[in-house]
Every structure is written in C-alpha cells, then in structure tokens.
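These protein sequences, in sequence, are chains H and R.
Numbers 20 to 430, taken from the working numbering, label the letters of the first sequence in order.
Numbers 51 to 227, taken from the working numbering, label the letters of the second sequence in order.
If you are wondering where the hints come from, they were derived from the structure by calculation, not from laboratory data.
Keep in mind it's a predicted model, so treat the numbers as computed, not measured.
It is possible that some hints are incorrect.
Claimed, not checked - Keeping only pairs whose Cα atoms sit at most 35 Å apart, straight-line, the calculated DSBU-like set for lysine-lysine is:
1. R:Lys81 with R:Lys54
2. H:Lys376 with H:Lys24
3. R:Lys204 with R:Lys193
4. R:Lys82 with R:Lys54
5. H:Lys267 with R:Lys101
6. H:Lys267 with R:Lys82
7. H:Lys275 with R:Lys74
8. H:Lys267 with R:Lys193
9. R:Lys81 with H:Lys267
10. H:Lys192 with H:Lys24
11. H:Lys275 with R:Lys81
12. R:Lys204 with H:Lys275
13. R:Lys193 with H:Lys24
14. R:Lys74 with H:Lys344
15. R:Lys101 with H:Lys275
16. H:Lys192 with H:Lys409
17. H:Lys428 with R:Lys54
18. H:Lys258 with R:Lys101
19. H:Lys428 with R:Lys74
20. R:Lys193 with H:Lys259
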Amino acid sequence: MMISKFDAQDFQAPEQVNGWRTISLGIGGIASVIILVIALIFPEYREQALRSWLLGFIFWGGIGIGCLGILILQYVTGGAWGVISRRILEAGSRTLPVIALLFVPLAIGATSLYEWSHLSDDPIIQHRQPYLNVGWWIFRAVLYFVLWGVMTVLLNRWSGRQDGAATYDEAAKLSADASKFSGPALAFFILVVSFAAIDWVMTLDPHWYSTMWGFLYVAGWGLSAFCFVVTILAFLVDKKPMNRVLGKRHFHDIGKLMLALVMVWAYFNFSQYLIIWSGNLPEETKWYITRMDGAWGAIGLLLLLFHFAFPFLVLLNRDIKRNAKWLAILAVFILLLRLLDMYYMIGPSPRIGTHGKELDFLSSFSWMDLVAPFAVGGIWLWAFFGELKKRPLVPINDPYLENAINHGKGH
Amino acid sequence: MDNKIYGLLAEFDTPTQLVEAARKVRDAGYKKTDAFSPFPLHEIDEALGIKRSILPFLVLGGGIIGLLTGLGLQYFVHVYDYPIIVGGRPFFSLPSFIPPSYELTILLAAFTAVLGMLALNGLPQPYHPVFNVPRFALASREKFFLLIETKDAKFDYDETRNFMQNLNAQEVFDVEE
Numbered sequence: 020m021m022i023s024k025f026d027a028q029d030f031q032a033p034e035q036v037n038g039w040r041t042i043s044l045g046i047g048g049i050a051s052v053i054i055l056v057i058a059l060i061f062p063e064y065r066e067q068a069l070r071s072w073l074l075g076f077i078f079w080g081g082i083g084i085g086c087l088g089i090l091i092l093q094y095v096t097g098g099a100w101g102v103i104s105r106r107i108l109e110a111g112s113r114t115l116p117v118i119a120l121l122f123v124p125l126a127i128g129a130t131s132l133y134e135w136s137h138l139s140d141d142p143i144i145q146h147r148q149p150y151l152n153v154g155w156w157i158f159r160a161v162l163y164f165v166l167w168g169v170m171t172v173l174l175n176r177w178s179g180r181q182d183g184a185a186t187y188d189e190a191a192k193l194s195a196d197a198s199k200f201s202g203p204a205l206a207f208f209i210l211v212v213s214f215a216a217i218d219w220v221m222t223l224d225p226h227w228y229s230t231m232w233g234f235l236y237v238a239g240w241g242l243s244a245f246c247f248v249v250t251i252l253a254f255l256v257d258k259k260p261m262n263r264v265l266g267k268r269h270f271h272d273i274g275k276l277m278l279a280l281v282m283v284w285a286y287f288n289f290s291q292y293l294i295i296w297s298g299n300l301p302e303e304t305k306w307y308i309t310r311m312d313g314a315w316g317a318i319g320l321l322l323l324l325f326h327f328a329f330p331f332l333v334l335l336n337r338d339i340k341r342n343a344k345w346l347a348i349l350a351v352f353i354l355l356l357r358l359l360d361m362y363y364m365i366g367p368s369p370r371i372g373t374h375g376k377e378l379d380f381l382s383s384f385s386w387m388d389l390v391a392p393f394a395v396g397g398i399w400l401w402a403f404f405g406e407l408k409k410r411p412l413v414p415i416n417d418p419y420l421e422n423a424i425n426h427g428k429g430h
Numbered sequence: 051m052d053n054k055i056y057g058l059l060a061e062f063d064t065p066t067q068l069v070e071a072a073r074k075v076r077d078a079g080y081k082k083t084d085a086f087s088p089f090p091l092h093e094i095d096e097a098l099g100i101k102r103s104i105l106p107f108l109v110l111g112g113g114i115i116g117l118l119t120g121l122g123l124q125y126f127v128h129v130y131d132y133p134i135i136v137g138g139r140p141f142f143s144l145p146s147f148i149p150p151s152y153e154l155t156i157l158l159a160a161f162t163a164v165l166g167m168l169a170l171n172g173l174p175q176p177y178h179p180v181f182n183v184p185r186f187a188l189a190s191r192e193k194f195f196l197l198i199e200t201k202d203a204k205f206d207y208d209e210t211r212n213f214m215q216n217l218n219a220q221e222v223f224d225v226e227e
C-alpha cells in the first residue's frame with residue numbers, strides 16, 4: 020500500500036502543540052472579549068476599538084494570507100524549503116475561515132471605522148461614493164475571501180489526496196496539478212491582496228492614495244509568513260518528528276528568502292516615498308508629512324533601521340541563517356517590527372469627522388492598540404495549531420520529499 | 051624519474067571513497083591537496099579542510115565602494131561642480147540620489163563577485179599538470195580523483211605514494227610537471 024518509505028503515523032505534530040493551542044485560546048479569548056465588549060457597549064470608544072482590531076487583523080490575518088501566498092509560490096518555484104515547510108503553510112492557509120470570522124467585527128462596524136461610509140458634502144468622497152460605499156465594500160471583501168478560499172481549498176485538497184495516493188504516478192500527478200494551478204493563482208493572489216489592502220487600510224484616509232500600496236502588503240505579508248514559518252520550524256526542530264527532517268540548509272534557504280523579502284519591503288516603501296517626493300503634490304505628501312513628524316517620525320526611523328538595515332546586515336551572515344535558534348529570534352524581532360509597520364500605517368490616519376486631519380502619536384495611541392494584537396493573535400494561533408495537528412508535518416508522498424530531507428543535511 | 055613530478059593523483063570509483071580518503075589525507079596533515087569530481091560534492095570542502103572563501107567579504111567591500119562612488123559622484127556633480135535647481139529641490143536631495151547609488155552598489159558588488167571568483171580560483175588557467183595523466187579525462191565523466199602536490203611540506207615521494215595506495219585507491223599516478 021505504501022508508496023513511499025515515510026509513514027504518516029511517524030509525522031504527527033508533537034504533543035506540545037495542544038498546550039500552545041490552549042494558551043493561545045485563553046489569551047485570545049480574554050483579550051477579544053475585552054475589545055469587542057468595549058466596541059459594543061461604549062459608542063465613544065467604538066471607533067478606537069475597531070481601529071485596534073483592524074491593526075491586529077491586518078497583522079495576523081496577513082500572516083495567514085501570506086502563508087497562502089508562499090504556499091502558492093513554492094509550488095511555482097519548487098525547492099526543498101517548500102517541501103519541508105509546506106504543511107505549515109497549508110495549516111496557515113486553512114485558517115482562512117477564522118480570518119474571515121475575525122473580519123466580521125470590521126464589516127459590522129464599518130460605519131464606525133471609515134469616514135467614507137457616511138454621506139458627506141466633501142466632493143472627493145462624493146466622487147468616490149460609487150466605489151466606496153458599505154454594501155459594495157462588504158461584497159468585495161466577500162469576493163476576496165471566496166477567491167482566497169478557492170485557492171486554499173484546491174491546494175489543500177490536492178495535497179491531502181497525495182497523502183493517500185496509491186501509486187507513485189498518482190502522487191506525482193497531484194503535485195503537477197498543484198503546480199499548474201499555482202502559476203495563474205499567484206497572479207490573482209497578488210491582485211486580490213492589493214485590492215484588499217486598499218479597501219481595508221488605505222481607505223481609512225479616503226483622500227489619500229498610493230499606487231504602491233498593494234505591493235507593500237504583498238511583500239509585507241510574505242515576509243510575515245516567512246518569519247512565522249521560521250519561528251514554528253525552530254520550535255519543531257528539536258522535537259519528534261521534525262528533528263528527522265530539518266537540517267541547517269533548510270534554515271539557510273529560508274533565511275535567504277527572508278533577506279530577499281526584507282529588501283523587497285524596503286524597495287517598495289522607498290519607491291512609494293520617491294514617487295510621492297518627486298510628485299510633491301499636497302494631497303499626497305501629507306501622508307508622509309504627518310508620519311515624519313514628532314513621535315511618528317521616530318517610529319519611521321525605527322522601521323528604517325530595524326525593519327530594514329539591521330535584519331539586512333544580520334541576514335548577510337551565513338552562520339546566523341544556518342542556526343535555527345538565532346534565525347527564529349531574528350524572525351520574531353522582524354514580526355514585532357511588522358506589527359509596528361502596520362501601526363505606522365493605520366495609527367496616524369484621520370478619524371471620522373476630523374475633515375481628513377491626521378493625528379499625532381499621543382492623540383492616536385490607545386491601550387487597545389496593545390491588547391487587540393493579542394486578541395486577534397490568540398484566536399488565530401489557536402486556529403493555526405488546530406490545523407497543524409490535522410495532517411502529517413511533511414507531505415509523505417511528495418516525490419521530492421526524500422531529496423528535500425537530504426538537501427537539509429548537506430553543507 | 052626523469053621528469054619533474056607535480057604531485058600524486060589517486061583514482062576512486064565512488065564519491066564516498068573520495069570523501070573518506072580526503073578526510074584521511076587531511077588528518078595525515080597534508081595541506082596542498084585538491085579533489086576532482088564530475089559533480090559538486092558539498093562534503094569535500096570540509097573533508098579536505100578547505101577554509102571558507104573570503105569572496106563574500108570582497109563582495110561586501112565592492113558593494114560599499116559602489117555605494118560611496120554613487121553618492122560621491124552625485125554629490126560632486128549636483129552640489130559642487132555644476133549645481134542646477136531642479137524642480138525647486140535642494141542641491142543635495144538624498145531621495146533622488148538613492149536609485150543611482152543603489153545601482154552602482156549592485157554593479158560593483160556583482161563585478162567583484164564574478165572577477166573575484168575568477169581571481170581566487172586562479173582562472174583563466176590554460177595549463178594544468180593533472181591533464182598529463184590520460185585517465186584524468188574521466189574526472190568529467192565517472193571517476194573521482196584526489197591530488198597531493200609535491201610542494202606540500204609533508205610530501206615524500208615513497209611515503210606519500212604508499213599512503214595513497216592504502217586509501218583504497220584504484221590506482222595512484224605520478225603527475226608530471
């Protein structure tokens with residue numbers, strides 16, 4: 020019956036995952052109740068609660084959706100890193116229903132979150148009304164989730180069937196199907212992420228726009244997903260069963276991809292800055308003028324130094340990329356800076372009824388910005404660990420699995 | 051021995067034998083050694099005790115020189131030598147200086163990588179004594195070879211030849227200069 024020498028029973032997730040799952044749910048549940056109760060009961064704090072929720076949603080949802088993107092990417096490029104991290108990426112992508120559920124508070128509270136959801140005498144908002152109105156915005160969000168959902172369902176179905184494949188040819192065909200689907204899917208994925216990022220974050224300020232916006236999220240969510248995968252792999256590397264699978268070279272390869280995405284993130288951010296700086300139009304430059312002033316300016320500098328310069332220089336080092344523990348510490352550090360980056364984008368945006376005036380740090384910051392990432396994150400991680408347990412941690416019948424494992428042991 | 055000898059070349063059938071032999075050669079204290087295989091063998095660097103290449107540091111240096119050249123060139127032209135007001139910006143406008151500086155960083159880093167790789171490998175090298183052994187042509191097909199040069203401080207013709215024969219080599223050849 021078995022067509023490969025790997026047995027699904029030997030590759031179940033370690034017991035510790037159950038513990039992580041319970042802790043995640045506990046933290047996430049308590050924090051979510053706090054935020055959602057405040058949003059429900061106190062109308063005067065509702066906007067802030069929803070903005071904080073949006074921060075957590077964009078950060079954690081971005082990891083899950085980023086996992087889907089990297090899952091598609093590894094079917095297009097191939098490579099040992101894709102085979103050994105595929106099941107973690109799949110588990111991340113299968114959290115999509117929970118991500119959609121975490122989106123529901125934003126959809127219900129859209130009128131408390133987005134200026135354009137109110138009828139306005141502002142000619143620019145009136146002009147954008149045919150696109151920016153609540154019904155059509157919710158319809159688009161449903162469409163994004165449906166499109167991501169199709170990608171998630173198909174890729175997970177083929178990969179799941181491969182585990183039960185009776186012949187080598189059947190297993191190879193399922194891999195080939197996934198690869199064929201992934202080429203066009205990658206193009207659609209990038210488009211959907213662009214539209215979603217514009218809808219959910221950029222329209223917080225209905226007057227401002229940037230054509231680089233979508234790519235900031237494609238690169239940022241991809242980087243988040245890689246950092247998350249490295250963190251999970253580093254947790255699994257010294258436990259059964261992954262201690263038989265993972266080698267230094269796997270971490271080396273994923274470290275190189277992290278370096279590439281750190282650079283792409285900086286490249287897209289600088290592109291947006293250069294375009295707006297060159298154009299020098301007041302309606303565009305105001306975004307940066309706010310964000311380069313005072314405490315926002317300090318946060319921007321932190322991002323430049325620690326979201327780009329520091330990881331860039333550290334990741335040039337070969338030994339750090341090959342050391343699971345050090346790479347994971349750096350990955351968690353980058354994830355924290357990813358959250359700060361999201362806050363830098365969401366935090367200063369104008370509130371409802373302020374006529375597009377952006378906020379300084381002190382009047383924007385709220386304790387809920389610190390709680391909401393735990394709320395969304397706990398629930399998301401609970402879903403993730405639940406999905407991680409459902410399948411063997413490696414695709415046991417993948418034709419390249421043995422090569423991929425041996426690759427890690429090389430030099 | 052009429053001709054001068056460049057070194058001794060041992061022939062092996064499998065990559066595993068080559069790597070094992072290389073480890074013994076390294077442990078015996080030979081330094082001027084080299085291995086030849088039809089395909090890349092990642093273990094061989096460690097087995098022969100080959101140190102890591104300094105190329106990455108050269109490339110980093112090349113990149114930094116490129117960055118400084120790019121910034122310096124634009125500063126010289128736009129601020130010092132021929133300042134023109136463009137679009138109402140200051141002469142020293144860092145955002146517009148970054149793309150050319152970045153390109154020069156990549157250019158010089160890439161040049162250093164290619165040229166440095168050639169230089170460190172001693173390429174191009176039109177003549178090498180190992181080709182005087184006719185069977186060495188098989189190194190690009192199915193056989194694996196290990197070389198110890200006469201220049202090695204530990205090299206002693208009889209002793210070294212005897213040592214190499216004991217490494218399970220198919221055959222040991224004299225490599226003429």
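Status of the hints after comparison with the structure:
no.: 1; hint: R:Lys81 with R:Lys54; verdict: 20 Å, holds
no.: 2; hint: H:Lys376 with H:Lys24; verdict: 63 Å, violated
no.: 3; hint: R:Lys204 with R:Lys193; verdict: 26 Å, holds
no.: 4; hint: R:Lys82 with R:Lys54; verdict: 17 Å, holds
no.: 5; hint: H:Lys267 with R:Lys101; verdict: 19 Å, holds
no.: 6; hint: H:Lys267 with R:Lys82; verdict: 29 Å, holds
no.: 7; hint: H:Lys275 with R:Lys74; verdict: 34 Å, holds
no.: 8; hint: H:Lys267 with R:Lys193; verdict: 29 Å, holds
no.: 9; hint: R:Lys81 with H:Lys267; verdict: 28 Å, holds
no.: 10; hint: H:Lys192 with H:Lys24; verdict: 19 Å, holds
no.: 11; hint: H:Lys275 with R:Lys81; verdict: 32 Å, holds
no.: 12; hint: R:Lys204 with H:Lys275; verdict: 41 Å, violated
no.: 13; hint: R:Lys193 with H:Lys24; verdict: 31 Å, holds
no.: 14; hint: R:Lys74 with H:Lys344; verdict: 33 Å, holds
no.: 15; hint: R:Lys101 with H:Lys275; verdict: 22 Å, holds
no.: 16; hint: H:Lys192 with H:Lys409; verdict: 23 Å, holds
no.: 17; hint: H:Lys428 with R:Lys54; verdict: 42 Å, violated
no.: 18; hint: H:Lys258 with R:Lys101; verdict: 32 Å, holds
no.: 19; hint: H:Lys428 with R:Lys74; verdict: 22 Å, holds
no.: 20; hint: R:Lys193 with H:Lys259; verdict: 39 Å, violated
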